[in-house]
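All chains should be built: construct the whole structure from the sequences, respecting the hints.
There are 2 protein chains.
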Amino acid sequence: MAVKYELIKECKQTGARLGRVHTPHGIIDTPTFMPVGTQATVKAMAPNELKEIGAQIILSNTYHLFIRPGHKLVEKAGGLHGFMNWDRPILTDSGGFQVYSLSDNRKIKEEGVIFKSHLDGAKHFFTPEYVMEIENSLGADIMMAFDECTPYPCDWDYAKHSMERTLRWLKRCKDAHKNTEKQALFGIVQGSTYKDLRIESARRTVEIELPGYAIGGLSVGESKEIMNDVMDYTVPELPKNKPRYLMGVGSPDALIDGAIRGIDMFDCVLPTRIARNGTVMTSKGKLVVRNAEYAEDFLPMDEECDCYACKNFSRAYIRHLIKAGEILGGRLTSIHNLRFLQNLMADIRKAISEDRLGDFRKEFFIKYGYNK
Amino acid sequence: MAVKYELIKECKQTGARLGRVHTPHGIIDTPTFMPVGTQATVKAMAPNELKEIGAQIILSNTYHLFIRPGHKLVEKAGGLHGFMNWDRPILTDSGGFQVYSLSDNRKIKEEGVIFKSHLDGAKHFFTPEYVMEIENSLGADIMMAFDECTPYPCDWDYAKHSMERTLRWLKRCKDAHKNTEKQALFGIVQGSTYKDLRIESARRTVEIELPGYAIGGLSVGESKEIMNDVMDYTVPELPKNKPRYLMGVGSPDALIDGAIRGIDMFDCVLPTRIARNGTVMTSKGKLVVRNAEYAEDFLPMDEECDCYACKNFSRAYIRHLIKAGEILGGRLTSIHNLRFLQNLMADIRKAISEDRLGDFRKEFFIKYGYNK
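Residue numbers (this note's numbering), protein chains in the order written: chain A, -15 to 356; chain B, -15 to 356.
Take the hints with a grain of salt, since some may be wrong.
A pair holds if it fits inside one copy or across any two, identical chains being indistinguishable in the list.
Simulated pairs of lysine to aspartate or glutamate, EDC-like, Cα-Cα distance not exceeding 16 Å [what the hints assert, rightly or not]: (1) K295 - D71; (2) K179 - D139; (3) K(-7) - E338.
These are calculated hints, taken from the structure and not from any lab test. Quick caveat: nothing in here was measured; it's all calculated off a predicted structure.
Right under this line is the structure:
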């Protein structure tokens, strides 16, 4: 199998796991946060900077790469690793989430999804088999199965119907996946916010033996409480000897609460997206560095941070860059936010190793200014 | 004096000079090319990358910094060096060129220029004295006098009138300049494309003793032949023991032809501007990397280049990034173009030291594909 999970220890205070995911391109310390490189680049970042901030794995998007530049071109370039010159692990999503987001421009059938490209309106047809072909061309260490990400809210009947189809598609994905030696296929648990469906989905997804499992369909508009509830009853259904990936989560509170519930992997565009708009995460909470109050503030964005941006530039300078539309502005805030999350994950791993992730949560929430 | 020029040797084949400019923030090997950081940042580049590509001095724009974030803020941040965290030499222009470019939104008087900000339409009044105050606040190692950059073409009468005013303004600049220990004021020779005016301007500008002199009003639309002619009769009027700066020039042919005529310093937005649009300078000539022909070209932009972009990424990948509007695209092409020019200047300096800049010109022009 391309990917193996090694459990190092469980936190005695919580359900959190300290572990390692072994992949063809190296080891990932878990719990981990994966920066998102939608179009074969983590926005504003170069690969050497991603290494500098400590990223051990990045995510890229099958839908976007299929549309542009095309998976065949990426394959010719030596897969995503060669194309973007990233020699550490990569995970590709299945395009499911993106395709469903096209709403009016897609139609779901049992066979697959017909959709129109957001770029040129060209019609395409994603089936589980075709998505596996695309992901095999991209060559990521971990590839996600083609699922349906149900919207929120979603009625029970639709959630059940959709979950069943996602299970049927998962079997088709597994059968179609051609490069099992070097690429690990992960299944995705769905079932919206219904306990019975989530548990059933988890059990039947796990019955399809795979190197890892994800929880999908969360962080799509529901409250943090609901998300935590779903994890509370879903994660126990997942095997202990496989990595568990909570899709689309990247806010500090959700990362900590996910880790506490036994999640090993996370991803989200949040840190880089808010960065480009001038918002950064700091040891004292969110800071909107583009705000006028920082115009003459010569402190670093985060005095406790060790990133290139915080070691070298002031809030006043970064605010100026962002106000002036200068590329370096979004670069510096992106570097910082990604480093902040890498440091947070390292802190989480340390707290697990010391059996004190519950205490860490309390301390962090107070420091960061969360109201609980 | 803040700045001293050291002449190392003259090329026996041409009039080119190998030298060093000594400044409060370090030594510049000349002939040199200065990347332009209009708004206190060389677009898309971080200071550590500027050092990596070998930039010894950068230029920044007084007009832009005055408008945003304001020179008083920059002064509070420790001047431009502190504000943007660049510890090597900086040159600031005077805002003259930018203010005149506002055309309908400015009025030139003997006292100075009234203009409206391109950002918010607010009225401002630049006088030689005020510009010196601003440039003193910015704190660059070299600051340019407030001159009038005449348009091209320009009739003799206006060019004469304007040149006289530029001379009167230069005296006012020299009188108003307050930080002569740490900042060197350079005068600017004008006179459009008229030999008599250029020579008169040069002689009378040099009479005003200053640490360096620039040739302004070129590269504004006239042909390369005219630009070379103007240098041919203007440069000999400039003193040998002071640096000579040709403003606004950055194409490889003009850099070589300027060096041959005894120019020591150049600047231009060209390399970074064309880079962001997907055009790069290579050892075999210009290459429009965003063109379809490079879609599946896995060679580096320039096989002979040693920059981070060329050592790590293919034309196909960079084309993809630029087509997709990804920040990394413009970053990589900017790194390359600036490195290309730094390497070119190093080659020019080597050719001068070997008394063969004339031969180098011939070889380079053939290799680059210039038709002469």
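These are the hints, each one checked on the structure:
1. Only between protomers do K295 and D71 lie at most 16 Å apart by alpha-carbon distance; the minimum there is 15 Å, versus 27 Å within a single protomer.
2. Only within a single protomer do K179 and D139 lie at most 16 Å apart by alpha-carbon distance; the minimum there is 13 Å, versus 84 Å between protomers.
3. For the identical chains of this complex, K(-7) and E338 are intra-copy neighbours only, at 10 Å inside a copy versus 67 Å across copies, given an alpha-carbon limit of 16 Å.
Of the numbered hints given earlier, the model fails none.
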